[in-house]
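Enquirer: This is what each chain is made of:
Number of protein chains: 2
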Amino acid sequence: MTEAIDLAPDVKRADCPSRGVLEHVTSRWGVLVLIALLERSYRFSELRREVGGVSEKMLAQTLQTLERDGFVDRDAKPVIPPRVDYSLTSLGCEAAEQVGVLACWTERRTPRVLAAREDYDQARRDS
Amino acid sequence: MTEAIDLAPDVKRADCPSRGVLEHVTSRWGVLVLIALLERSYRFSELRREVGGVSEKMLAQTLQTLERDGFVDRDAKPVIPPRVDYSLTSLGCEAAEQVGVLACWTERRTPRVLAAREDYDQARRDS
Numbered sequence: 001m002t003e004a005i006d007l008a009p010d011v012k013r014a015d016c017p018s019r020g021v022l023e024h025v026t027s028r029w030g031v032l033v034l035i036a037l038l039e040r041s042y043r044f045s046e047l048r049r050e051v052g053g054v055s056e057k058m059l060a061q062t063l064q065t066l067e068r069d070g071f072v073d074r075d076a077k078p079v080i081p082p083r084v085d086y087s088l089t090s091l092g093c094e095a096a097e098q099v100g101v102l103a104c105w106t107e108r109r110t111p112r113v114l115a116a117r118e119d120y121d122q123a124r125r126d127s
Numbered sequence: 001m002t003e004a005i006d007l008a009p010d011v012k013r014a015d016c017p018s019r020g021v022l023e024h025v026t027s028r029w030g031v032l033v034l035i036a037l038l039e040r041s042y043r044f045s046e047l048r049r050e051v052g053g054v055s056e057k058m059l060a061q062t063l064q065t066l067e068r069d070g071f072v073d074r075d076a077k078p079v080i081p082p083r084v085d086y087s088l089t090s091l092g093c094e095a096a097e098q099v100g101v102l103a104c105w106t107e108r109r110t111p112r113v114l115a116a117r118e119d120y121d122q123a124r125r126d127s
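One line per chain: the protein sequences are U and D, in this order. Residue numbers for the first sequence follow UniProt numbering, so the first one is 1 and each next one is one higher. Residue numbers for the second sequence follow UniProt numbering, so the first one is 1 and each next one is one higher.
Hints may be right or wrong, so weigh each one.
[As the list claims (entries may be wrong)] BS3-like mimics (lysine-lysine), calculated; alpha carbons at most 27 Å apart, straight line:
1) Lys77/U / Lys57/U
2) Lys57/D / Lys77/D
3) Lys57/U / Lys12/D
4) Lys57/D / Lys12/U
[What the hints assert, rightly or not] Quick list of the computed label-pair ranges, beta carbon to beta carbon:
5) Ser45/U / Phe44/D: 45 to 55 Å
6) Gln122/D / Arg49/U: 28 to 38 Å
7) Asp85/D / Asp75/U: 47 to 57 Å
8) Tyr120/U / Leu38/D: 13 to 23 Å
9) Cys104/D / Val79/U: 33 to 43 Å
10) Val84/U / Arg43/D: 48 to 58 Å
11) Pro82/D / Val84/U: 54 to 64 Å
12) Ser41/D / Val79/U: 51 to 61 Å
13) Pro82/U / Val84/D: 48 to 58 Å
14) Pro78/D / Asp126/U: 17 to 27 Å
15) Lys77/D / Asp15/U: 27 to 37 Å
16) Phe44/D / Ala14/U: 16 to 26 Å
17) Glu97/D / Gly53/U: 24 to 34 Å
Just so you know, the hints here were simulated from the structure itself, not pulled from any lab data. Remember, it's a predicted structure, so these values are computed and weren't measured experimentally. Where is the CB? At the ideal position from N, CA and C, for every residue including glycine.
Just chain U, with the same shape it has in the complex (with noise of 0.2 Å):
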């Protein structure tokens, strides 16, 4: 443990802090639920309606694990019915800001990739 401090981050190295960190800003729900908060504040239920095919419990779990991390703010309001909305930290902001740079390059490429995977499997076939 000492040695993961003493050493330089590196998100390649199994015991280094930072390898779960990038597991949760990357994992499968963080990605887009950070994306999803860099437009606006959400409550629970919009959020599960913008994020699709999240479960409530994915989407729960998602949360708490990236407010845990300091990227997401939960404000639970003292009203009557109760209402939880979730923003972005700055810190949040700045990872979602990535993250949303990366979706939006992805969205971009997309067609290039399934023809990428044509060809790949054209060529099994053929093979």
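Based on the hints, put chain D in the right spot on chain U.
Expert: Relative to chain U, chain D alone:
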């Protein structure tokens, strides 16, 4: 399916093909393989040593997925003993650069995340 093609790509939609591409680029081992290959090409066993903690099976699966997506080039040299080199394609290089920026950011910000986790856990213990 027609609908998914007609709409603008959006990773937040469960039926958008870009969702699956993003999942490959941000997969647990995909991220680290892309980052490693950003430095240079690797043979399988070298790459396995470089990406700490990856199993032979997961590395093979990850490389195959990235190759099929057009991100990684697999070069099997006709020599004895067999030699296979993995490197990034130009598309893979673009992906890896994005992911590399995110990884650097994560490495830099990990101390803040660790501090946030301590605050979170402390607040839970106190309440």
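Enquirer: Now tell me, hint by hint, if it's right for this structure.
Expert: Checked hints:
1. Lys77/U / Lys57/U: holds, 21 Å
2. Lys57/D / Lys77/D: holds, 21 Å
3. Lys57/U / Lys12/D: Roughly 18 Å between the alpha carbons, so the hint for Lys57/U and Lys12/D holds.
4. Lys57/D / Lys12/U: Answer holds: Lys57/D to Lys12/U is near 18 Å, not above 27 Å.
5. Ser45/U / Phe44/D: 45 to 55 Å: At 46 Å between Cβs, range holds.
6. Gln122/D / Arg49/U: 28 to 38 Å: 34 Å Cβ-Cβ, so the 28 to 38 Å window holds.
7. Asp85/D / Asp75/U: 47 to 57 Å: holds, 51 Å
8. Tyr120/U / Leu38/D: 13 to 23 Å: holds, 22 Å
9. Cys104/D / Val79/U: 33 to 43 Å: holds, 42 Å
10. Val84/U / Arg43/D: 48 to 58 Å: holds, 51 Å
11. Pro82/D / Val84/U: 54 to 64 Å: holds, 57 Å
12. Ser41/D / Val79/U: 51 to 61 Å: Taking Cβ atoms as reference, Ser41/D and Val79/U lie about 58 Å apart, which means the hint holds.
13. Pro82/U / Val84/D: 48 to 58 Å: holds, 57 Å
14. Pro78/D / Asp126/U: 17 to 27 Å: holds, 19 Å
15. Lys77/D / Asp15/U: 27 to 37 Å: At roughly 34 Å between Cβ atoms, Asp15/U and Lys77/D fall inside 27 to 37 Å, so the hint holds.
16. Phe44/D / Ala14/U: 16 to 26 Å: holds, 18 Å
17. Glu97/D / Gly53/U: 24 to 34 Å: Roughly 28 Å apart at Cβ, these two residues keep to the hinted range, so it holds.
In this structure, none of the earlier numbered hints is contradicted; all agree with it.
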